[in-house]
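Got chain A; can you put chain B on it based on the hints?
Those sequence lines, one after another, are chains A and B. Going by the working numbering, the residue at position 85 of the first sequence is 85; the numbering climbs one at a time, nothing skipped. Count along the second sequence from 1, then add 259; that gives the number in the working numbering.
Only pairs whose alpha carbons sit at most 27 Å apart, straight line, appear in this in silico DSS-like list of lysine-lysine:
hint, chain 1, residue 1, chain 2, residue 2
1, B, K487, B, K471
2, B, K471, A, K206
3, B, K465, A, K116
4, A, K192, B, K465
5, B, K375, B, K451
Just some of the chain A residues that point at chain B, by a computed CB distance under 7 Å:
hint, residue
6, S115
7, P126
8, N170
9, V173
10, L179
11, S180
12, E181
13, I202
14, E211
Just a sample of chain A residues kept apart from chain B, beta carbon distances all over 12 Å, derived:
hint, residue
15, Q6
16, Q38
17, I50
18, I78
19, L85
20, P100
21, E102
22, P134
Calculated directly from the structure, the hints in this document are not laboratory data. For glycine and all other residues, C-beta sits at the position ideal for the given N, C-alpha and C.
There are 2 protein chains.
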Amino acid sequence: MSKTQQIALVGTGNVAFHLTRFFLDKGLNLTTVYGRNQQALEEFHALYNIEISTDFSRIPKDTLVLVCVADSAIHEVINQLPTQLKIAYTSGSTSLNALPSERTLGVFYPLQTFSKGLALQPEDIPFFIEANNPTFEKELMKLAQSISSNVNKATSEDRYHLHLAAVMSNNFVNHLFHLSENYLIQHNLSFKHLQPLIYETIRKIKTESPEKMQTGPAKRGDTLIIHKHLASLDGLERELYALFTRSIQQLNTTNEDEL
Amino acid sequence: MSKTQQIALVGTGNVAFHLTRFFLDKGLNLTTVYGRNQQALEEFHALYNIEISTDFSRIPKDTLVLVCVADSAIHEVINQLPTQLKIAYTSGSTSLNALPSERTLGVFYPLQTFSKGLALQPEDIPFFIEANNPTFEKELMKLAQSISSNVNKATSEDRYHLHLAAVMSNNFVNHLFHLSENYLIQHNLSFKHLQPLIYETIRKIKTESPEKMQTGPAKRGDTLIIHKHLASLDGLERELYALFTRSIQQLNTTNEDEL
Chain A
1 MSKTQQIALV GTGNVAFHLT RFFLDKGLNL TTVYGRNQQA LEEFHALYNI
51 EISTDFSRIP KDTLVLVCVA DSAIHEVINQ LPTQLKIAYT SGSTSLNALP
101 SERTLGVFYP LQTFSKGLAL QPEDIPFFIE ANNPTFEKEL MKLAQSISSN
151 VNKATSEDRY HLHLAAVMSN NFVNHLFHLS ENYLIQHNLS FKHLQPLIYE
201 TIRKIKTESP EKMQTGPAKR GDTLIIHKHL ASLDGLEREL YALFTRSIQQ
251 LNTTNEDEL
Chain B
260 MSKTQQIALV GTGNVAFHLT RFFLDKGLNL TTVYGRNQQA LEEFHALYNI
310 EISTDFSRIP KDTLVLVCVA DSAIHEVINQ LPTQLKIAYT SGSTSLNALP
360 SERTLGVFYP LQTFSKGLAL QPEDIPFFIE ANNPTFEKEL MKLAQSISSN
410 VNKATSEDRY HLHLAAVMSN NFVNHLFHLS ENYLIQHNLS FKHLQPLIYE
460 TIRKIKTESP EKMQTGPAKR GDTLIIHKHL ASLDGLEREL YALFTRSIQQ
510 LNTTNEDEL
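Chain A with its partners taken away, still in its complex shape (with noise of 0.2 Å):
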């Protein structure tokens, strides 16, 4: 990746948000960011010292364009773009073959979860690379490298499976710990006393398969403790905690480890 490749940015959003911090910090070429939102723009400008533009139509032809928005804008966006850039975006879940094949396009995932206001080191990010053209391919592969060492080419299938595991593994596993949170503060008790364990749980599978970690009343078929805690919950939650048993054991049989 040559460092005078001229760059742009499309969208406002978190991803757009953290790429221009990581390209900006490793002295890329990034020019400018466009979006439809200008409040969105003005803080990118304000942040980063950066040129902003809503007209699409400005963008210089050779530039590789990045396109960080929502799935469901992707084509839109890509249509409104001039002819003769190379334009690749940052989503999981949208095939390449989906997108106008006549285009010079490719894919820039970073599997990671983005929130602003929280900074992140780019370098263990994994990275999966596809394009419809190998010069382009080998060129985002280089872009992702200048960023991250852990870079990896992937079809979109295997974008598209990695992306709902990290919805499993991210999304949901989020929202436990918020729903964690809310039953403990209904009872007057801190979230914090939970950091330990969730650590724990963490550190784990690091070096073990979590089929081999899994713990609890579920998994031991304690079935009396089951039944107290379905008592003492209700509406989703209740039906969250029913599947979640159900779901363990029918996965889980013989090991014998405790919570």
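Quick look at chain B alone, frame taken from chain A:
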């Protein structure tokens, strides 16, 4: 906690396994591990060079006995122990007033997930203490403080609620990792790609509320992706995906974060 106070453990599961190591490491006077499973007892003897016995009637009076057995066995085990012992159990969900009140009884509850063979530092483990006698409660507080710097008094109700929240934040979270791993293996992809994401999921909630950190298709209301994902799953995985989506949408309405 006097270092000369004799301590005995009853139980040969993972809690007993880890408490034995914590007590011995701190130079406490743990004399004997009691249990009914001779083979498991012999593992304790081999690993820790500690006395083992299947004969509960031999426990000397004035011994502090920690009963580390499943909730369903606590009552029965206590009935088999000689009177004049000080007894504490390590369970989250058994209420102190459900047990014989004429005994000197207490609770010594470590809020952590324990697996054999995976060493753990005790200093950060939150302990929750309760007793039916103020002197014994102080003694249990001191015992916990001799291995951990995070020791709290808690009622049986508090402990019950903490255990339920721990089931959600550990057991169910680990099961989601298990399902994610299975899903990726089915598609010839490695679970290790998710490790940086999982680590970041945890890092975020050290400083921010899980509510603020929720991201993903359910949160964004990205119906297109949700339907694709549902179509790729079946059985209980599909039911879990649908239920999480409803639950996330019920609790979250306004944030803009992205996965």
